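Q: These are the residues of each chain, in order.
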Amino acid sequence: MNHKRRLILKGSATAGLVGMAMSAGLLIPRHVLAAWPKAAFDADNVGDTLAALGGSADTPESGDIKIKAPDIAENGAVVPITIETNMQNVESISIIAENNPAPLAASFELGPGAEPYVSTRIKMGQTANIIALVRADGKTMKATKEVKVTIGGCGG
Amino acid sequence: MSTIKIRVKAKNDSVEVKALIKHPMETGQRKDSKTGETIPAQYIQEVVCEHKGTKVMTAHWGPAVSKNPYLSFRFKGGSTGDTIKLSWSDNNGQSDSLEAEIA
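So the protein sequences, as listed, match chains A and B.
Per my numbering, residue 1 is the first one in the first sequence, and the count goes up by one each step.
Per my numbering, residue 1 is the first one in the second sequence, and the count goes up by one each step.
Among the clues, some could well be false.
[As the list claims (entries may be wrong)] Covered by chain B, according to a simulated footprint, are these stretches of chain A (three or more residues, beta-carbon under 8 Å): (1) 69-77; (2) 111-123; (3) 141-150.
[Stated by the list, open to error] The list that follows gives simulated cross-link-like pairs (lysine-lysine, DSS-like), each with its CA atoms no further than 25 Å apart: (4) B/Lys31 / A/Lys66; (5) A/Lys66 / B/Lys76; (6) B/Lys9 / A/Lys68; (7) A/Lys66 / B/Lys11; (8) B/Lys31 / B/Lys55; (9) B/Lys55 / B/Lys18; (10) B/Lys9 / B/Lys55; (11) B/Lys9 / A/Lys66; (12) A/Lys68 / B/Lys31; (13) A/Lys38 / B/Lys31.
Don't read these hints as lab results, they were simulated from the structure.
The model shown is predicted, which means the values in this text are computed figures rather than measured ones.
Backbone N, C-alpha and C define an ideal beta-carbon position, used for all residues, glycine too.
Based on the provided sequences and hints, a complete structural model is requested.
A: Put into structure tokens, the structure is as follows:
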């Protein structure tokens, strides 16, 4: 009885993600920064990732978000991604690689003076869609681009 | 030597920051090919850029950001001669920071 109660407590502490009960065994306590969105980074599928970031599968596509990424990435370990938009009051830009074990690669919180432009390099395990999730004026929009990967970046 | 290499340039009315950080960005999924043991995860979780005490940009990263990460972003309101501070911290509590002058 008591043991069950522990499990429920553990589950609810992780923002009540679907399927969390299954992965509860994988949740190892580690040093976590206050603002680091753990639930979003722990999500192992795109639906949960989008949900943790305030979006959903129905988040509207926006033509105003530009993803600059190679059509074919020869080396999945280093895939350059640039996301730019001309939307106003952008609060955050997130980069999601659909087929990665943990789809969320990076999430950028933009301060008042920041321009809606970020560029970085990410690892991709296999060919997948890259989703750029942009939150601006309290609304969430996304854009998608497929990147073909010839050599995965997660093997070793 | 700092783990951070940074270039900050004022362009028109905005400032472009380009940074390279030396870090293994270990995912925790790879195995050592000799011992077969899993290599523990070690990756940067947060990168913060401050200009005049204001956080211009905060990046939250997962292990999917490439080894020796590259980062570029732009902000308004900075001018030549100002200093910016870039700092990172990883999941093991390691961190570093560097100040640079806008050129």
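Q: If a hint holds in the structure, say so; if it doesn't, say that too.
A: Results of checking the hints against the structure:
As drawn, the stretch 69-77 of chain A meets chain B at 1 residues by the rule of a beta-carbon pair under 8 Å; below three, the given contact is violated. Check on the stretch 111-123 of chain A: 12 of its residues sit with their Cβ under 8 Å from a Cβ of chain B, so the three-residue criterion for coverage holds. Counting residues of the stretch 141-150 of chain A whose beta carbon lies closer than 8 Å to any beta carbon of chain B gives 0, which falls short of the minimum of three for the stated coverage. Restraint check: the Cα-Cα separation between B/Lys31 and A/Lys66 comes to about 36 Å, which exceeds 25 Å; the hinted pair is violated.
Distance check on the hinted pair: A/Lys66 and B/Lys76 sit about 20 Å apart at the alpha-carbon level, within 25 Å; holds. Annotation: proposed proximity of B/Lys9 to A/Lys68 holds, straight-line Cα distance about 22 Å (limit 25 Å). Proposed proximity of A/Lys66 and B/Lys11 is supported: the alpha carbons are some 21 Å apart, at most 25 Å. Between B/Lys31 and B/Lys55 the alpha-carbon distance is near 37 Å, which puts this suggested pair outside the 25 Å criterion.
At most 25 Å may separate the alpha-carbon atoms for a hinted pair to count; B/Lys55 and B/Lys18 meet this at roughly 16 Å. Distance check on the hinted pair: B/Lys9 and B/Lys55 sit about 18 Å apart at the alpha-carbon level, within 25 Å; holds. At roughly 23 Å between alpha-carbon atoms, B/Lys9 and A/Lys66 fall within 25 Å of each other, so this suggested pair holds. For the suggested pair A/Lys68 and B/Lys31, the alpha carbons sit about 32 Å apart, so the restraint of at most 25 Å is broken.
Proposed proximity of A/Lys38 and B/Lys31 is supported: the alpha carbons are some 24 Å apart, at most 25 Å.
When each numbered hint is compared with the structure, violations occur for hints 1, 3, 4, 8 and 12.
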